[in-house]
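**Q** Read top to bottom, the protein sequences are chains A and Z. The opening residue of the first sequence carries number 125 in my numbering; numbering runs sequentially from there. The opening residue of the second sequence carries number 125 in my numbering; numbering runs sequentially from there.
Treat the hints with caution; some may be incorrect.
Between beta-carbon pairs, the in silico distance windows are [to be verified]:
1. D377/A to D414/Z: 42 to 50 Å
2. Q226/Z to P318/A: 30 to 38 Å
3. E141/Z to Q388/A: 25 to 33 Å
4. P181/Z to E408/A: 56 to 64 Å
5. E399/Z to I432/A: 52 to 60 Å
6. L417/A to S452/Z: 26 to 34 Å
7. R531/Z to R435/A: 56 to 64 Å
8. T392/Z to R512/A: 22 to 30 Å
9. T392/Z to T392/A: 22 to 30 Å
Just so you know, the hints here were simulated from the structure itself, not pulled from any lab data. As the structure is a computational prediction, the values presented were derived from the model and not from experiment. Note that beta-carbon positions come from the ideal geometry of N, C-alpha and C, so glycine has one too.
There are 2 protein chains.
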Amino acid sequence: MNRTLVKQALEDNLLAERIRIQGWIRTRRDAKSFSFLELNDGSCLKNLQVVVDAGLPDYRRLPEATTGAAVAVEGRLVESQGKGQSREVVADSLEIVGVADQTYPLQKKGHTQEYLRTIAHLRPRTNLFGSVFRVRSRLAQAVHRFFLGRDFVLIHSPIITANDCEGAGELFQVTTRGTPASPAGSDRNFFGQPTYLTVSGQLSAEAFACALSNVYTFGPTFRAENSNTSRHANEFWMIEPEMAFCDLAGNMDLAESFVKYLIQDIRTHCPQELELFQRFVDRELASRLDFVLGNPFKRLSYAEAVAILQRSGKNFQFPVEYGVNLQSEHERYLTEEHFRQPVTVHDYPRDSKPFYMRTNDDGRTVAAMDVLVPGIGELVGGSQREEREDVLRSQFERHGLDSQKYRWYLELRRYGTVPHSGFGLGFERLVMFVTGLANIRDVIPFARTPGSAEF
Amino acid sequence: MNRTLVKQALEDNLLAERIRIQGWIRTRRDAKSFSFLELNDGSCLKNLQVVVDAGLPDYRRLPEATTGAAVAVEGRLVESQGKGQSREVVADSLEIVGVADQTYPLQKKGHTQEYLRTIAHLRPRTNLFGSVFRVRSRLAQAVHRFFLGRDFVLIHSPIITANDCEGAGELFQVTTRGTPASPAGSDRNFFGQPTYLTVSGQLSAEAFACALSNVYTFGPTFRAENSNTSRHANEFWMIEPEMAFCDLAGNMDLAESFVKYLIQDIRTHCPQELELFQRFVDRELASRLDFVLGNPFKRLSYAEAVAILQRSGKNFQFPVEYGVNLQSEHERYLTEEHFRQPVTVHDYPRDSKPFYMRTNDDGRTVAAMDVLVPGIGELVGGSQREEREDVLRSQFERHGLDSQKYRWYLELRRYGTVPHSGFGLGFERLVMFVTGLANIRDVIPFARTPGSAEF
Numbered sequence: 125m126n127r128t129l130v131k132q133a134l135e136d137n138l139l140a141e142r143i144r145i146q147g148w149i150r151t152r153r154d155a156k157s158f159s160f161l162e163l164n165d166g167s168c169l170k171n172l173q174v175v176v177d178a179g180l181p182d183y184r185r186l187p188e189a190t191t192g193a194a195v196a197v198e199g200r201l202v203e204s205q206g207k208g209q210s211r212e213v214v215a216d217s218l219e220i221v222g223v224a225d226q227t228y229p230l231q232k233k234g235h236t237q238e239y240l241r242t243i244a245h246l247r248p249r250t251n252l253f254g255s256v257f258r259v260r261s262r263l264a265q266a267v268h269r270f271f272l273g274r275d276f277v278l279i280h281s282p283i284i285t286a287n288d289c290e291g292a293g294e295l296f297q298v299t300t301r302g303t304p305a306s307p308a309g310s311d312r313n314f315f316g317q318p319t320y321l322t323v324s325g326q327l328s329a330e331a332f333a334c335a336l337s338n339v340y341t342f343g344p345t346f347r348a349e350n351s352n353t354s355r356h357a358n359e360f361w362m363i364e365p366e367m368a369f370c371d372l373a374g375n376m377d378l379a380e381s382f383v384k385y386l387i388q389d390i391r392t393h394c395p396q397e398l399e400l401f402q403r404f405v406d407r408e409l410a411s412r413l414d415f416v417l418g419n420p421f422k423r424l425s426y427a428e429a430v431a432i433l434q435r436s437g438k439n440f441q442f443p444v445e446y447g448v449n450l451q452s453e454h455e456r457y458l459t460e461e462h463f464r465q466p467v468t469v470h471d472y473p474r475d476s477k478p479f480y481m482r483t484n485d486d487g488r489t490v491a492a493m494d495v496l497v498p499g500i501g502e503l504v505g506g507s508q509r510e511e512r513e514d515v516l517r518s519q520f521e522r523h524g525l526d527s528q529k530y531r532w533y534l535e536l537r538r539y540g541t542v543p544h545s546g547f548g549l550g551f552e553r554l555v556m557f558v559t560g561l562a563n564i565r566d567v568i569p570f571a572r573t574p575g576s577a578e579f
Numbered sequence: 125m126n127r128t129l130v131k132q133a134l135e136d137n138l139l140a141e142r143i144r145i146q147g148w149i150r151t152r153r154d155a156k157s158f159s160f161l162e163l164n165d166g167s168c169l170k171n172l173q174v175v176v177d178a179g180l181p182d183y184r185r186l187p188e189a190t191t192g193a194a195v196a197v198e199g200r201l202v203e204s205q206g207k208g209q210s211r212e213v214v215a216d217s218l219e220i221v222g223v224a225d226q227t228y229p230l231q232k233k234g235h236t237q238e239y240l241r242t243i244a245h246l247r248p249r250t251n252l253f254g255s256v257f258r259v260r261s262r263l264a265q266a267v268h269r270f271f272l273g274r275d276f277v278l279i280h281s282p283i284i285t286a287n288d289c290e291g292a293g294e295l296f297q298v299t300t301r302g303t304p305a306s307p308a309g310s311d312r313n314f315f316g317q318p319t320y321l322t323v324s325g326q327l328s329a330e331a332f333a334c335a336l337s338n339v340y341t342f343g344p345t346f347r348a349e350n351s352n353t354s355r356h357a358n359e360f361w362m363i364e365p366e367m368a369f370c371d372l373a374g375n376m377d378l379a380e381s382f383v384k385y386l387i388q389d390i391r392t393h394c395p396q397e398l399e400l401f402q403r404f405v406d407r408e409l410a411s412r413l414d415f416v417l418g419n420p421f422k423r424l425s426y427a428e429a430v431a432i433l434q435r436s437g438k439n440f441q442f443p444v445e446y447g448v449n450l451q452s453e454h455e456r457y458l459t460e461e462h463f464r465q466p467v468t469v470h471d472y473p474r475d476s477k478p479f480y481m482r483t484n485d486d487g488r489t490v491a492a493m494d495v496l497v498p499g500i501g502e503l504v505g506g507s508q509r510e511e512r513e514d515v516l517r518s519q520f521e522r523h524g525l526d527s528q529k530y531r532w533y534l535e536l537r538r539y540g541t542v543p544h545s546g547f548g549l550g551f552e553r554l555v556m557f558v559t560g561l562a563n564i565r566d567v568i569p570f571a572r573t574p575g576s577a578e579f
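Please build the complete structure, drawing on both the sequences and the hints.
**A** Here it is in structure tokens:
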């Protein structure tokens, strides 16, 4: 008999049918002449209640049906008489597939998130983390749907690379040294040059945008940053669209549409999970999502932002003056207090920005933009790219970069160059924003942070 | 004025409207009183013809409108009088956005694929590679649609890992040694242990399947294999579904549905690209795709396959006896000559297989399966996983693996263990199968192979 998922049993038109349910026991309650099993199979947040009559031959196996045990149940799906659930299965057969003894760590509810990180292989069996990873999956699929609907082409940019796109130097090196492929210790020649884990797929995406017009990447990126904060992981996924014939304004338009689309998608398709996060993670989640969905994103220049912050009369921990990076307190003031809208800040001073951003006519700022949302701060960072070969060459000089290494990148400007723009959205930041979770370790299946590469 | 993509101009209901087209010039033909531009913007295979009248003020810029130059054209979209295209734009304005001089490498058609690999940043501007990467993108999006439609949850399994799932030892090491993060040379302690680039997301997927039932990964995987063949790359993408409460038969069912779904999707959505591959890459492409779509996959055991090969009377280069790995010539004989169907071979001898495959009752074979298709050979490899803790422990011993390192993996068997199965499909193999291209370097944006990590 084919399996029916709990989600289907609860939602589809299957009432009165005999079905086969397979899952794990969350709880068991024994009454005099029957027992109730709460079964979860991860297909949705909700459990399915199973009624096992004491007259059933399989009833003798019930002592093994403890929390965490895997079972297969066959029986009729009926409307439930009890409170708390709409449907239940009246079992006519019960099979114990895999037991779970008293050492099973998820016996009781109420474990801390810190503890659950130490059993990352089991935590998706909890309501919270099952929900997090269903939402993460749904968001990823929504990303693809958004771009497919706009004729964007997905590009798998290389993970192993010789470039450092951001120029920050926080690179992991990739070697065959000390492995069977090169036991002798020297590996410089495996790829003919030192190679690293990518920090961004942008440069690859630019090459493809200059051929296919609208492209995006969605892949893992890496930072060898030795910082153990709740916001940093050494491995995280990034989405990077890149559009030919597109200026900074078009870039900001796309970023706003994209963020709203993703939030709306989760609103529509994961209401049970959002309700759980709202109740147990963050009481302000729904209002924050509404805030982003319901307001146009206010656009202002960095210079205007600085002027507003200086005029605010606020006593910021980090004083504001033209040229400094905006801190979290400044970002929050702008979106939460001053504008009460999501905010897109554009045209930043050139000095603190990477080589590839387009220099504005004033010669001092670049066509960069950041989207700020409450709670998270910067959710999106992007720019128009420098499409003029001579300006790009002088940028390489200013940044002390070897233009020979970027010959192919310069050629994109020599042959049919076009204005083009793109942005990066850190996928984990998005999942944190949508779930309300405050620690990046809790939105990644098996997080990579300094000192931690278990599982 | 908003941009119209060439694809929209050719397909949508825009006739007689004034539109703005932006793209790159493929060719220009000059007649006495007007010129024709063939414009491509990568949104589809076809060009859009633009007619520029000599009376137009912008006509003086025409000498700059050479092959490879980027232009923006505004004008009315009309039905074409000429042959070879259905619609054309009668320009009323022509802007040269970026020139391309005589050194532009794609002046003429007919470059070899070998040469085009050396200009991988420009080759997506050709008909062939534009088509390859549009098809690659469409296939990736079809993968997600297939699994979303079946309630599978996407899992981003870690790229940096301390495990070697396949036990083949062909690992890249990830270090911070020699980088700014650890200039002194010692990095053992960044993650607290030596770390490598993943060869498979399977073990992570198993943990999540034992919580969410049906999951899949789709991410980059790596082999530090020092072999320069047309079939091997050091970095490639893999799709790995994993299903709880699923045996080998269910696994084979899913693999067959999956492969057929993907091919059908490309058949439906990329007919122009398939026609190009058929004409210029592989005259047998369409019949091979039909072969897979139109036939059920024949299932037979490895032992049966060996018996058929031995009885065949064929003079194979590699003699067949029970225990040897099937070679390409054997696989081709089975699918192309003997059965004339795609073939799924199952229940292989245990000795050549990884530790995680489920031992059959005979004690000598494992519940493994490979899907063989013509031309490519093995397209899918999978297995039912060993779910019995004691058998798995003895497998660790047989393979000389430290079971302490797999403690979490063993715990999946201790707490509510379930029969579960999954497979891996190498994404590049699939793209090669669907495009007919014979070299893996030609289906990856920027391929990573020994000695080559440019771009």
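**Q** Does 56 to 64 Å hold as the CB distance between P181/Z and E408/A, or does it fail?
**A** Given a distance of about 59 Å, which is inside 56 to 64 Å, the answer is holds.
**Q** Taking the CB of D377/A and the CB of D414/Z, does the distance hold inside 42 to 50 Å?
**A** Cβ of D377/A to Cβ of D414/Z: about 43 Å, so the range 42 to 50 Å holds.
**Q** A range of 56 to 64 Å was offered for this pair. Does it hold for the Cβ distance of R531/Z and R435/A?
**A** Distance hint for R531/Z, R435/A holds at roughly 59 Å.
**Q** Is it true that the C-beta distance of L417/A to S452/Z lies inside 26 to 34 Å, as the hint says?
**A** violated (55 Å)
**Q** Taking 25 to 33 Å as the hint, is the beta-carbon distance of E141/Z and Q388/A inside that range?
**A** holds (30 Å)
**Q** Starting from the range 52 to 60 Å, see whether the pair E399/Z and I432/A falls in it by beta-carbon distance.
**A** Distance hint for E399/Z, I432/A holds at roughly 57 Å.
**Q** Is it true that T392/Z and R512/A lie within 22 to 30 Å of each other by Cβ?
**A** This hint is violated: roughly 42 Å between Cβ atoms.
**Q** Taking the beta carbons of T392/Z and T392/A, is their distance inside 22 to 30 Å?
**A** holds (26 Å)
**Q** Indicate whether the distance between the beta carbons of Q226/Z and P318/A respects the range 30 to 38 Å.
**A** This hint holds: roughly 36 Å between Cβ atoms.
In summary, the structure is inconsistent with hints 6 and 8 from the numbered list given earlier, while agreeing with the others.
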